[in-house]
Amino acid sequence: MTRRTRRFVVASLLVLGVGVGTGLLAYLSFPTSAFTGPGGPDELRYLPGNAHMIAFVDVHHVMISELRQRLRATMPFTDGGARRFQDETGVNIETDIDRVVFAVAQSLDGSQTGQDAALAVVRGRFDAVRIEASLREKGASVEWYKGRSIFGAPDRDAATDATSRDRGSELAIAFIEPGLIAAGSPSLVRSAIDRQDGGASARGNDALMKRVRELEPANLWAVGRFDALTARANFQKGAVGPLPAMTWFAASGQVDSGIRASVTAEGRDEEAANALRDLVRGFFALAKLRGSSQPALGSLLRAVQLGGTGQTVTLSIDFSPQMLDALTGSLSQLPRVARPRRGL
Amino acid sequence: MTPPSFWQAALRVFDVSMGQMLWSRRSVFLGLLVGGPVVLALAVRASVILDIGPPGAPRPGGPVLFGLIVWLLYIRFIVPILGVFYGTSIIADEVEDKTLTYLFVRPIPRASVLMGKYLAYLACTSLLILPSLTLVYLLIVPIRDGSVGGAFPTLLADLGMLVVGLISYGAVFAFVGARFKRPLVAGLVFALGWEPGVLIFPGYLKRFSVGYYLQALVPHAMPSESATSILLRVVRDVPSVAMSLWSLALITAVMLWVASRTVARREYVLEQ
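Taken in order, these protein sequences are the chains called Y and E. Counting from -17, one number per residue, gives the positions in the first sequence under our numbering. Counting from 4, one number per residue, gives the positions in the second sequence under our numbering.
Among the clues, some could well be false.
What the hints assert, rightly or not - A partial selection of chain Y residues facing chain E, derived with a Cβ cut-off under 7 Å:
(1) Val(-3)
(2) Leu(-2)
(3) Tyr9
What the hints assert, rightly or not - A short list of chain Y residues far from chain E (calculated; beta carbon distances all over 10 Å):
(4) Thr4
(5) Arg54
(6) Phe67
(7) Gln68
(8) Arg193
(9) Arg207
(10) Val245
(11) Thr246
Hint data in this document are derived by calculation from the structure and do not stem from the laboratory. Bear in mind the structure is a predicted one, so any value in this text is a computation, not a measurement. Every residue gets a Cβ at the ideal spot worked out from N, C-alpha and C, and that includes glycine.
Given only the sequences and the hints, what does the whole structure look like? Please build it.
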C-alpha cells in the first residue's frame, strides 16, 4: 500500500471515528428520559398550543426496563390482545413504538365549545400500508387532508357532516410523517397535520413548557392545569370533598430497575398549598392505620415522602427493586378469586 | 518455495489492488458522488440557519430529513452505483488493461485474485461512503431540535446496512464483471433498470433483486411524499430482517462462488 493510500485510509477512518465518537458521546450523555431536545421531545410541535395537559411516555425505555423484565418473569401476562393487534397491524408494541406524546385540549370544533378532546402522537416503526389496509378492512372512512389520509370511524350515514364527525367520542388516525402517527379527535389530528408547516404548538405554550423544563430526567411525565385534571376525574363530587385551589400539576417518573416518581402541585396561594398538604397527611395517617396490619402497604407508604414549600406540594415516591420484589411476591401469594362456573 | 495459501494470495492481491482502485479516474467521479449528499446537507443546514425556503413548505425535523437522505440517495442510488462501477471493474479492468495475464501466471489460485480484488473493492467503497454518511448525520440530525444522541442507534444501523449493501451488490457485480463482455452496461441496466423496476411491480420478481432485501434493513420509515414512493407503498411487501440478512448472505455467497468459478474456468481473450 502506498503512502498516499495509507493517508487516505487514515483520513477516512478519522472522519468516521470522529462522527461515530461524537454520536456515541451524545448518546451516552443523552438523558434516558428521551427529552429529545432542549424543549422536550420533538413531537411536542404537533400538539396544540392551547393544550391543558401534555404527557410523554418513552415506551421503548419502559418496555426494555429491568423492572418490566422482572415483572414479566414473576407475573406472566397474557398478551393475546397485543398479539392480535400485531397480527392486524404489524406493530409490535414491545419493540416498534418508541415514544408517545399526548395532549388534552379544548375541541377545535365550534359546536362543541368547552368540550375537551385528546390527541396522541406516536413515534415508532410502522408498516403504513398494512395499518391502512387493516383500517380499510374494518370499514374506516377516509378523508384526504393536505396530502394525508385521515382514517375515521366508519360512515354511519350519508348525512354525516364535518360537525358530527368531530364528536368527542370519535377517533381519527393519520400518518403525518414517516414513522409518526397522530390519533385522537379528528379536528386535533387535522390541526397536527397543519402544524407540520409550523404554527402555534405546545412548544410555544410558555406556561406548560416552563414546567416541562423543570422536570427531572424521566421516561414518563405529565404536566397540566389542575382544573383540567379535576374536571376529568370529577374529584369534587367524590368522597374527598372540595379540593384546595390548585393551579398546575407536574408528574414525572423514571422506570428502570425500580420506580422513582414525583408529583408536584402548585397552589393558587400558600394557604391552598397548606390545605393540600393537610389533606395528603390525613390520607397518609389513614393508610398507616391500615398498613399496620398489612406489611406490603406499610413498606409502600415508607417509600412516599411529602414535601414542598410555599405554594408547591411535592410527593416523592421511590420504589426500590427490593421493595417491588417483595410487593410482587406478596401479590402473587394472594388467593385467586374463583370464577363461577358457566351455568351456575 | 511453497505457493501461498488462498487467503495469503488474496491479501497480497488486496494490498496491490487497493491503491489502484482508489486512485483510478473512476474514484474522482465516485468521490463527487458521495460528496454530493454532504454538499446537500450543508445547503440544507445553511437554509435552516438562515431561515430561507418557500413559504408553506413542509419543515420536517433533522432525524426525518436524515432518513430521507439515507433512503433516497444512499440506498436507492449511491450504493448500487458504487457497486456497479467498482464491482464490475474487479476483473473487467484487468481485461481491458490487458494485465490479467500477469496475475494469472502467478502461482496462486485464480479465485484468490477475484477475492483479493473484491476485498479491495469493499475497503475502498466503505472508506468513501461511511465517512460521507457520518458527515451528513452530523450536519442534518441536529436540525430543528433533532438529537444527535437520540439518532445514534439509527446511524449505527444505517452504517451496517450500507456495508451489507456494498457486500451484496459487490458480489453481484463482481460476477457480472467476470462473466459479461460489457459489464458496465449490463451492471447499469441491472442497478438502474431491473432493481427499481421489479420493486414497483407486484409479484415474486422482486425477490430476485438485492434492493428488496436491503429495504427491510432500513431503520427509517419509507418516505411517503413522492408519487413513486406512494406506488411503492401500495405494493410494498417487506421481508423480515432475519430473512433479509439470510437472503443477502446467500446472494453474496452464491454470486462470489459463481464469479470465482467463472474466473477459474474462463479463457479470457485479450484483444490486441
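Outcome of the hint check:
The beta carbon of valine -3 (chain Y) comes within 4 Å of a beta carbon in chain E, closer than 7 Å, and the hint placing it at the interface holds. Look at leucine -2 (chain Y): its Cβ gets to within about 5 Å of chain E, closer than 7 Å, so that hint holds up. Hint status for tyrosine 9 (chain Y) relative to chain E: holds, with the closest Cβ pair at about 4 Å, below 7 Å. The Cβ of threonine 4 (chain Y) does not lie farther than 10 Å from every Cβ of chain E; its closest approach is about 6 Å, which violates its non-interface assignment.
Distance to chain E confirms arginine 54 (chain Y) as a non-interface residue, since its nearest Cβ pair spans about 23 Å, more than 10 Å. With a closest Cβ-Cβ approach of about 18 Å to chain E, phenylalanine 67 (chain Y) is found to remain outside the 10 Å limit, as its non-interface label requires. With 10 Å as the threshold on Cβ separation, the claim that glutamine 68 (chain Y) sits away from chain E holds: the shortest Cβ distance comes to roughly 13 Å. With a least CB separation of 18 Å from chain E, arginine 193 (chain Y) remains clear of the 10 Å interface cut-off, as annotated.
No Cβ of chain E approaches the Cβ of arginine 207 (chain Y) within 10 Å, the least distance being about 25 Å, so the stated non-interface status holds. At roughly 27 Å from the closest C-beta of chain E, the C-beta of valine 245 (chain Y) stays outside 10 Å, upholding its exclusion from the interface. The beta carbon of threonine 246 (chain Y) sits about 25 Å from the closest Cβ of chain E, which is more than 10 Å, so the claim that it is off the interface holds.
The structure fails to meet hint 4 from the earlier list, while all remaining hints are met.
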